[in-house]
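Protein sequence lines, in the order shown, are assigned to chains A and B.
Under this note's numbering, the first residue of the first sequence is numbered -8, with each subsequent residue one higher.
Under this note's numbering, the first residue of the second sequence is numbered -8, with each subsequent residue one higher.
It should be emphasised that the hints constitute simulated quantities derived from the structure, not laboratory data.
Fair warning: there could be bad hints in the mix.
Put simply, identical chains are the same to the list, so a pair is met inside one copy or across any two.
When the alpha-carbon atoms are kept at most 25 Å apart in a straight line, the in silico SDA-like pairs for lysine to any residue are as follows [to be verified]:
no.: 1; residue 1: K161; residue 2: T(-6)
no.: 2; residue 1: K191; residue 2: G162
no.: 3; residue 1: K248; residue 2: R260
no.: 4; residue 1: K10; residue 2: G216
no.: 5; residue 1: K248; residue 2: L309
no.: 6; residue 1: K246; residue 2: R200
no.: 7; residue 1: K99; residue 2: D296
no.: 8; residue 1: K248; residue 2: G216
no.: 9; residue 1: K246; residue 2: G32
no.: 10; residue 1: K10; residue 2: E23
no.: 11; residue 1: K246; residue 2: R274
no.: 12; residue 1: K246; residue 2: D217
no.: 13; residue 1: K246; residue 2: V324
no.: 14; residue 1: K103; residue 2: R206
no.: 15; residue 1: K134; residue 2: Y52
no.: 16; residue 1: K246; residue 2: M228
no.: 17; residue 1: K99; residue 2: A272
no.: 18; residue 1: K134; residue 2: D270
no.: 19; residue 1: K134; residue 2: Q323
no.: 20; residue 1: K246; residue 2: R206
no.: 21; residue 1: K246; residue 2: R260
no.: 22; residue 1: K134; residue 2: G32
Quick caveat: nothing in here was measured; it's all calculated off a predicted structure.
2 protein chains.
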Amino acid sequence: MRTTTSQFRLAARPEGLPKPGDWEYVQEELPELAAGEFLVGVSHISLDPAMRGWMNDVRSYIPPVGIGEVMRAAAIGEVLGSEHPSFVVGDHVSGAFGVQSHAISDGKGVIKVDPGLASLPVYLGVLGLTGMTAYFGLLDVGKPEAGQTVVVSGAAGAVGGVAGQIAKIKGCRVVGIAGGADKCRHVVEDLGFDACIDYKGEDVGAGLREHCPDRIDVYFDNVGGDILDAALGRLAMHARVVICGAISQYNATDKVKGPSNYLSLLVSRSSMTGMVVFDYADRYGEAAVQMAGWMADGRLHSQVDIVPGLETFPDTLLKLFRGENVGKLVLQV
Amino acid sequence: MRTTTSQFRLAARPEGLPKPGDWEYVQEELPELAAGEFLVGVSHISLDPAMRGWMNDVRSYIPPVGIGEVMRAAAIGEVLGSEHPSFVVGDHVSGAFGVQSHAISDGKGVIKVDPGLASLPVYLGVLGLTGMTAYFGLLDVGKPEAGQTVVVSGAAGAVGGVAGQIAKIKGCRVVGIAGGADKCRHVVEDLGFDACIDYKGEDVGAGLREHCPDRIDVYFDNVGGDILDAALGRLAMHARVVICGAISQYNATDKVKGPSNYLSLLVSRSSMTGMVVFDYADRYGEAAVQMAGWMADGRLHSQVDIVPGLETFPDTLLKLFRGENVGKLVLQV
């Protein structure tokens, strides 16, 4: 019995925002399972800002997706057939299955997840790479101490929302930056940040002066651009700036905007450090246990923004860059 | 007996490069010495890129020089009269005496120097704040290991020349960046760097690819601008970028040019950290002993560029920004 997968392949390298024509949507018959392989019926696909970077033909922390290849994505699914000794039909699994309805896997990089412990999309959010990024970026790179001030950009986004909540759990004063009054209300009321600055409606520098009277000890940056500059202008002595992402710059057709205020690193003896979550793979278990505990205690909230329909992928991905998602953006197949 | 001092005061806050009219050159009669004070006859004044920053009315690591105040500068001199219990006539001293021929001091921040151990200008160079900046910036912030590749911009300048020599002593491959073939020859032949890229005559990115086949582990930046960007584009994994200065940007009348390649910090999991030498004041002794030893062994060369004539100060200072000095620029009174 052969299975047909519906898949999005990268058809062209985008300039600026990805256009519909940059994708090819095809139905492809999968080969028979070989020994050591299993078939996954994908249920949920993780949509992440980092995907934009994987579409560019430049050196980065992983190779780019090739033209004609299935678009890379983390996903969750159920094992529908197996010739693999460790995976059986009915197992729920998480892995880089790509933007498609079905995938054949050899099990490398695939972990089993328990739908009884958390709903499946949570394994792409707080308990997935999103949560791992927030956890290690904030705690290992940012090193916040109780009583310090932590500022998080993209605070209503998947990573930022988790990073800020962890900082609250650690006893910090936490100020978010997000786009729009609704998002800011969510960040304060639902996620428990102390304050949130609406970069679409407020001057970010003025907001940081108001809400960070003792300046910023840790700045967790997901956006880059002018907001990074505003935060650099408000650093406390020996502050730590965590460069997790730069969503404002990923679709730049011109040069990336460098932080004009970078010399405030010198004035304040601060550091700016890049992080990639894959470096912490051997500690994902530690973070998952910790975060599952916080979720069980009601101290960490999982926010998932689920959009149904694999075929909506090209437009749904753009929600990230239009700033329309609240929490983790997931495509439901 | 009253003494007259000749002094340069800041008359106006410069826009861009300081102009002659931004200074006021005056003769002022000093008051009689009070108890606890002594009179210094200044012999050598340190001219440093950082002085440009002190002329701006912005928050920085020390307050700006006020309009009408004597321009701040480190200097060396001889005690000509004393009502101070610890300083006697004939002592040679180093302190922030300013751009003037004579100064009255209460001894705070002043140290005695021995003209028998090193010529006086060396106490403004390798054995002064210049050397301390290179020593702590390279070793404490850059943390180079033997066999790693260290790149230093402003390599023919006061700090860069010392930083690169220390990196060689520590067993690193050291590549300098300097302006002009003569400076590059000096950096390689006199200071012992492995290579030097002439940013005026060569493409810096191509030079870094050629001379840093294993990429850059430590980048010690004195210049900012396009050269910082080129170095960021060539970082090794877990590299350390030391932000010591940004002489290319100090006279910017427009916004400072931020490093467009800063996201390579993320790709390479690297850090960029600012440093200010004053933070290491309690360890200057350690560094001085170490560096005096290296000088005695002939492993560390002191290079001083002495310009005579206090009255030449406004133009001599500009040698720094025109890139005309080789080694430590000192004004001889």
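*Any of the earlier hints contradicted here, and which numbers?*
1, 2, 7, 9, 10, 11, 13, 14, 19 and 22
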